[in-house]
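Novice: From just these sequences and the hints, can you work out the full model?
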Amino acid sequence: METGQSVQLGIAVRRNMIQADSVSSLIKISDDLGNRFFVPVTADK
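Going letter by letter, the sequence shown gives residues 25 to 69 in our numbering.
Note that these hints are calculated values from the structure, not bench results.
Mixed in with the good hints, there may be bad ones.
[Said to hold, decoys possible] Now the in silico label distances, taken between C-beta atoms and shown as ranges:
1. L57 / Q32: 17 to 23 Å
2. M41 / V63: 18 to 24 Å
3. S30 / K52: 29 to 35 Å
4. F62 / A36: 15 to 21 Å
Even glycine gets a Cβ: it sits at the ideal position worked out from N, Cα and C.
Specialist: Okay, here's the thing in structure tokens:
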């Protein structure tokens, strides 16, 4: 991607696969330059 470009990404939760009432995790987004971003996510059953 070039500077200033953006990408939309759809993410879905498979709630039927969640065994607990609520779950949380981190999504790591990184690039070839070594930049890393961690996005916290949660989902309820």
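Novice: If a hint holds in the structure, say so; if it does not, say that too.
Specialist: Here's how the hints hold up against the structure:
1. Between L57 and Q32 the beta carbon distance is about 21 Å. The supplied range of 17 to 23 Å therefore holds.
2. M41 and V63 have their C-beta atoms about 20 Å apart, which keeps the hinted 18 to 24 Å range intact.
3. About 18 Å separates the C-beta atoms of S30 and K52, a value inconsistent with the hinted range of 29 to 35 Å.
4. Taken as a hint, the range 15 to 21 Å holds for the pair F62 and A36, whose Cβ atoms sit roughly 20 Å apart.
Comparing the model with each earlier hint shows a violation of hint 3 alone; every other hint is respected.
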